Amino acid sequence: MTLAVRVIPCLDVDAGRVVKGINFTDLRDAGDPVELARTYDAEGADELTFLDISASSDGRATTLEMVSKVAEEVFIPLTVGGGIRSVDDVDRMLRAGADKIGVNTAAIARPELIAEIAHRFGNQVLVLSLDARRVSGDVRTDSGYEVTTHGGRTSTGIDAVAWAARAAELGAGEILLNSMDADGTRDGFDVEMITAVRSVVDIPVIASGGAGTVDHFAPAVTAGADAVLAASVFHFGTLRISDVKSALADAGHPIR
Amino acid sequence: MAGRTPSVVVLDYGSGNLRSAVRAVERAGASVTLTADLDAAMAADGLLVPGVGAYEACMKGLRAIRGERIIARRLSGNCPVLGICVGMQILFERGIEHGVETEGCGEWPGVVERLQAPIVPHMGWNTVDVPTGTRLFDGLQDERFYFVHSYGVRDWKLVTNDRTPDAYQPLVTWAEHGGDRFVAAVENGPLCATQFHPEKSGDAGAQLLRNWVTSL
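As given, the protein sequences belong to chains A and B, one line each in that order. First residue of the first sequence? That's 1 in full-length UniProt numbering, and the numbers climb one at a time after it. First residue of the second sequence? That's 1 in full-length UniProt numbering, and the numbers climb one at a time after it.
To be clear, the hints were calculated from the coordinates, so they are not data collected in a lab. Just so it is clear, the structure is predicted and the values come from calculations on it, not from any experiment. A hint or two may mislead.
[As the list claims (entries may be wrong)] One side of the interface only, derived from the structure: several residues of chain B facing chain A at Cβ under 7 Å: (1) THR5; (2) GLY16; (3) ILE96; (4) GLY202.
For every residue, glycine included, the Cβ atom is placed at its ideal position computed from N, Cα and C.
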C-alpha cells in the first residue's frame with residue numbers, strides 16, 4: 001500500500017466564518033477561513049473539511065463566498081458539508097470551489113439524492129456523512145448500530161452498517177463515519193464500528209469522533225479507515241497534524 | 001525567457017471546480033482565461049483541459065464546444081496541451097464506465113477502465129514512478145500527488161519508431177493502487193497529461209504546473 005493515510009481537520013462554519021473553539025496562538029484572526037486553511041495546509045493537512053452550520057439561507061450564501069476564497073488560496077482538496085439538499089446545492093458548492101460534498105440528513109430522508117448527485121458529478125464528489133451510534137433502549141438493528149440525526153440527539157432506527165452499504169451502492173464515493181458514542185469523549189475512535197462498516201463497503205472510509213491523543217489514530221487505520229478526521233483536538237492545539245502523522249508513521253502506516 | 005508571461009486557456013466545457021485550476025495556473029506564472037472560445041483556445045500558449053465526473057458526460061461537453069478539434073488542431077501545430085484527470089482520460093481512444101463505452105479523442109491508443117483494486121475510488125495522496133528525462137516532474141521525483149478517480153489507463157500502447165524525434169518519445173509515469181498499476185502522467189511532445197490533480201496537490205502540484213508553464 002502506497003496511498004497515504006489522510007489526516008483531515010474539520011472546521012465548523014457559520015455564515016462564512018469559522019467558529020467554535022479555534023485556538024491558534026499565531027493567528028491574528030482565528031475565524032478567518034483562509035488563514036486557518038493556510039495554517040492547516042502548512043501543518044500538513046491532506047484535505048480540509050468545512051461543515052456549514054448556518055441556519056439561514058443568507059448564511060449559506062456567505063459560506064459559498066468563503067469556499068471560493070479558500071479554494072483560490074489553498075491548493076489541497078476541500079470538502080463542504082452541511083445543508084446540502086439537492087443537486088443544485090451541490091452544483092453551487094462545486095462551482096464555488098469545493099472538490100467534494102458531504103451529504104447527511106437529506107440522503108436519509110431521500111436516498112435517491114445520492115444517485116442523482118453521483119450521476120451528475122461522478123461518485124468521487126460525494127461523501128456520505130454518517131452519524132452513527134450503538135443502539136440502546138427499544139431500538140434494535142441487525143448490526144447493533146443505528147443512524148442518528150441532529151448531532152446524535154435523534155434516533156432513526158435505521159441500521160447504520162446497512163445504510164453505509166446502501167449508500168455505497170447508490171453511488172457514494174466515500175463514507176465519513178462519525179461515532180456519536182465516541183464524539184467528544186477523546187477516548188479514541190470507535191474501532192469496532194469502523195471494522196463493521198469497512199467489512200461491507202469497498203469505498204474509502206473516513207473515521208471521525210473520539211480522537212484525544214496521537215496514539216488514537218493508528219488503531220482506526222488498522223481497523224480499516226483510509227483517512228482520519230478530527231476537529232477540536234486540532235483547533236485547540238492539543239494535537240498537531242504533524243504529530244498525528246508521526247504517530248501513524250511509527251505504527252507503520254504510510255503518510256504524506 | 002525572463003519577464004514573459006505565457007498565456008493559458010483553461011477549457012470551460014462543463015461544471016466542476018475550475019476555479020482552483022485557474023488560480024493554480026495563475027500562481028504558476030501564466031495569465032489565464034477560462035473560456036470555451038475556439039479562437040482563444042487556439043491562440044493561447046498553453047491549453048489546459050480539466051475534467052471532473054463521468055467520461056461520457058465529459059466527452060459530450062467537450063464535443064458540444066468542438067473541444068476535440070481544438071485539441072487535435074493545437075497538436076498539429078505543436079502547441080502545448082495539458083489534460084488533467086478526466087481531461088487526461090478523454091485523450092485516449094475510449095472509456096468504459098458502468099458498461100457504457102464512449103469514444104474519446106483518440107490522441108493516444110488505450111482504454112480507460114475501472115481500477116481493479118479492493119478500494120475504489122482511488123482517493124488521496126500517492127507516490128508516482130517518474131521516468132528519467134522528465135521535464136514535468138523536474139525536482140518532484142519523490143513527491144506525492146492527489147488522486148481521485150475510479151477509472152484509469154492500464155496499458156500504454158503508443159507505437160513510436162527510431163525516426164520519432166526525441167521530444168516526442170513518450171515518457172510515461174506510473175502509479176499503483178491496491179495492486180493495480182495505471183498511467184499517472186504522460187509527456188509526449190506538446191501533449192502532456194496527469195491523472196492526478198496538480199491544482200490540488202499542494203506545493204508539489206504547484207511545482208509541476210510551474211514546470212509546464214515555464215515550458216510554454
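Which numbered hints fail: When the structure is compared with the hints, numbers 1 and 3 turn out to be violated.
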